[in-house]
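Enquirer: Assemble the whole structure, with the sequences as input and the hints as a guide.
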Amino acid sequence: MGQVPYQSYAATEAHAERFLAKYDPSDTIPVPIEMIVEHELHLDIVPVPGLFRRVGVTGFLSNDCQEIFVDQFDFERHEARYRFTLAHEVGHLVLHGTFYREAKIRSSADFLRFREAILAEDLERLEIQAMNFAGAVLMPRGPLQALLASFGVSRADLVKLGSAVARRFFVSTGAADRRMRLSGLLRI
Amino acid sequence: MPSQKEPLYRPRSAFGAALKEARAARSLGLREFCRRSGLDPALVSRIERGLAPPPEAAATFNRIARGLRLSLSSTKWRELADLAILSRGKVPKDLLDNEAVAAKLPVLFRALRDLRSDQKLLQELVEILRKA
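Going line by line, the protein sequences match chains P and Z.
My numbering puts the first residue of the first sequence at 1, with every later residue one more than the last.
My numbering puts the first residue of the second sequence at 189, with every later residue one more than the last.
Don't read these hints as lab results, they were simulated from the structure.
Just to be clear, a hint being listed does not mean it is correct.
[Claimed, not checked] Just so you have them, the derived chain Z footprint on chain P, three or more residues with Cβ under 8 Å:
#1 28-41
#2 44-58
#3 158-167
Note that beta-carbon positions come from the ideal geometry of N, C-alpha and C, so glycine has one too.
Expert: Written as structure tokens, this is what we have:
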């Protein structure tokens, strides 16, 4: 039996909306996630060379929830992915803070041990919930709905949609497609 | 011995905290700051967290100024440079080079030692100097 409770997509999205209301009240788009992380949440961002190559993740949250470690290559070259990583780790902080504080993660090696020790179903829940949170934070429902409304519903429109959402919210097309699908806003 | 509520002043982490604060005041994220300054993000992060000493090289310092868009004659810039020098246990060179000022430093140090036990007076002195 896992320790991470199930959370519906709607419940996660509600967390994201409360988070945005508190930390980005001016509804800035693209959401200034790095500024929020550093100057509102007062977390330190720690770029680590070769993090993804060595550990297989683009980022992780320290157990004291004070630092977000990120892959330095993404930090420098893939801003959209870096932004998503930050939002994803903030998701862990908001949704799983207690769980993380007990995990004693201070380094890449600690993180690997944590990943190996945790039940697969717990890990999957943690990751999916944080991913859903990140999507909802970076692509808030209101502005996303407004953008989708400006497009038609033909197959050609759909192809353009993912790119348009990705550009507008500064995320990858993969993240845009996932958010559109799960939000229920794409009614075709 | 200071209580837990009065943490020791640590110049190394004081510089890092001041640098991060300067970025926040200019709405500069770490990424944009590193892009502008050309500095290694891992190093900047270590400096800001007090895990690496403030830079010594003038070229690196000038890059920080560029990243923050500070002129080298600004008060903020001077403050950051002084914090970096203090972290090495040194006195800023421009003060030592000024004979009249350098001659008065022992008096200033003595006054600071005398005021050490009187935090209120010390704070007043800091305020006077700030306004001077």
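Enquirer: Indicate, hint by hint, whether the structure satisfies it.
Expert: Checked hints:
Coverage of a stretch by a chain is defined here by at least three residues with a beta carbon nearer than 8 Å to that chain's beta carbons; for the segment 28-41 of chain P and chain Z the count is 5, and the condition holds. Here's how the segment 44-58 of chain P fares: 6 of its residues keep a CB closer than 8 Å to some CB of chain Z, so the rule of at least three is met and the hint holds. Coverage of the segment 158-167 of chain P by chain Z is violated in this model, with 0 residues showing a Cβ closer than 8 Å to a Cβ of that chain against a need of three.
Of the hints listed earlier, the one the structure fails to meet is number 3.
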